[in-house]
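*Asks:* Sequence:
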Amino acid sequence: MSGKPKLHYFNGRGRMEPIRWLLAAAGVEFEESFIGKKEDLTKLQNDGSLLFQQVPMVEIDGMKLVQTRAIMNYIAMKYNLYGKDLKERALIDMYVEGLFDLNELLIMHVLQPADQKEQHFANMMDKAENRYFPVFEKVLKDHGKDFLVGNQLSKADVQLLEVILMAEEYKPDILAKFPLLQSFKARISNIPTIKKFLQPGSQRKPPTRPEDIAEAIKIFRS
Numbered sequence: 001m002s003g004k005p006k007l008h009y010f011n012g013r014g015r016m017e018p019i020r021w022l023l024a025a026a027g028v029e030f031e032e033s034f035i036g037k038k039e040d041l042t043k044l045q046n047d048g049s050l051l052f053q054q055v056p057m058v059e060i061d062g063m064k065l066v067q068t069r070a071i072m073n074y075i076a077m078k079y080n081l082y083g084k085d086l087k088e089r090a091l092i093d094m095y096v097e098g099l100f101d102l103n104e105l106l107i108m109h110v111l112q113p114a115d116q117k118e119q120h121f122a123n124m125m126d127k128a129e130n131r132y133f134p135v136f137e138k139v140l141k142d143h144g145k146d147f148l149v150g151n152q153l154s155k156a157d158v159q160l161l162e163v164i165l166m167a168e169e170y171k172p173d174i175l176a177k178f179p180l181l182q183s184f185k186a187r188i189s190n191i192p193t194i195k196k197f198l199q200p201g202s203q204r205k206p207p208t209r210p211e212d213i214a215e216a217i218k219i220f221r222s
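Going by UniProt numbering, the sequence shown opens with residue 1, and the numbers climb by one from there.
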């Protein structure tokens with residue numbers, strides 16, 4: 001059996017994408033087993049692979065891990081992306097939880113009914129520009145280092161870059177008021193493992209389309 005982590009999810013971003021980002025940033029090659037039909041999900045559920053009957057699921061180090069945050073914590077710890085002590089870890093977790101809140105808004109936009117899309121978009125952009133990004137601009141200013149926590153790459157940096165790029169897909173100039181985040185984006189994007197993941201042909205997934213959602217609903221709706 002291959003020693004590479006094996007990711008089980010549908011062929012799209014969703015809640016697996018932060019895990020793909022983190023593995024890529026750590027320079028870890030991984031395999032993907034895409035759930036393309038209802039029967040694929042049922043098989044995983046029936047053979048006991050899914051603790052809570054849900055994906056994402058990652059096979060790694062002889063374990064079948066579920067729950068996005070648990071998976072990311074394990075990867076971050078294993079590959080030294082989780083700070084040097086308990087205090088740094090607390091900061092990393094705090095920043096990542098905030099980023100997950102914004103990430104959830106971004107990934108849920110495509111799911112909104114047509115009559116609610118405009119309102120959701122306005123709310124999403126307002127929170128990005130006035131609640132979340134100002135926080136990270138201030139963190140970078142106060143910390144005075146190249147990274148959010150300590151002076152080395154952590155899962156918080158990786159997640160922030162992912163969320164910035166997702167937000168820019170909706171509004172390309174969203175960082176106009178945030179010069180430190182602009183510099184952060186350029187700096188982190190040029191880390192060799194991340195630069196590789198940003199190239200065409202990588203395992204990074206494209207923006208989710210409405211037709212992708214329709215396919216996923218067929219698989220996951222019980």
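Hints are computed from structural coordinates only; laboratory data are not their basis.
Possibly wrong hints are sitting among the right ones.
The list that follows gives simulated cross-link-like pairs (lysine-lysine, DSBU-like), each with its CA atoms no further than 35 angstroms apart [as the list claims (entries may be wrong)]:
| no. | residue 1 | residue 2 |
| --- | --- | --- |
| 1 | K218 | K141 |
| 2 | K37 | K87 |
| 3 | K87 | K4 |
| 4 | K117 | K177 |
*Asks:* Compare the structure with each hint and give your call.
*Replies:* Here's how the hints hold up against the structure:
Only pairs whose Cα atoms come within 35 angstroms are accepted, and K218 paired with K141 is rejected, the gap being roughly 46 angstroms. The hinted pair formed by K37 and K87 fails the criterion: a straight-line CA distance of about 43 angstroms is larger than 35 angstroms. Taken as a hint, the K87 and K4 pair is honoured in the structure, with Cα atoms around 31 angstroms apart against an allowance of 35 angstroms. For a cut-off of 35 angstroms, the pair hint linking K117 to K177 stands: about 25 angstroms separates their Cα positions.
Of the numbered hints stated above, those contradicted by the structure are hints 1 and 2, listed in ascending order.
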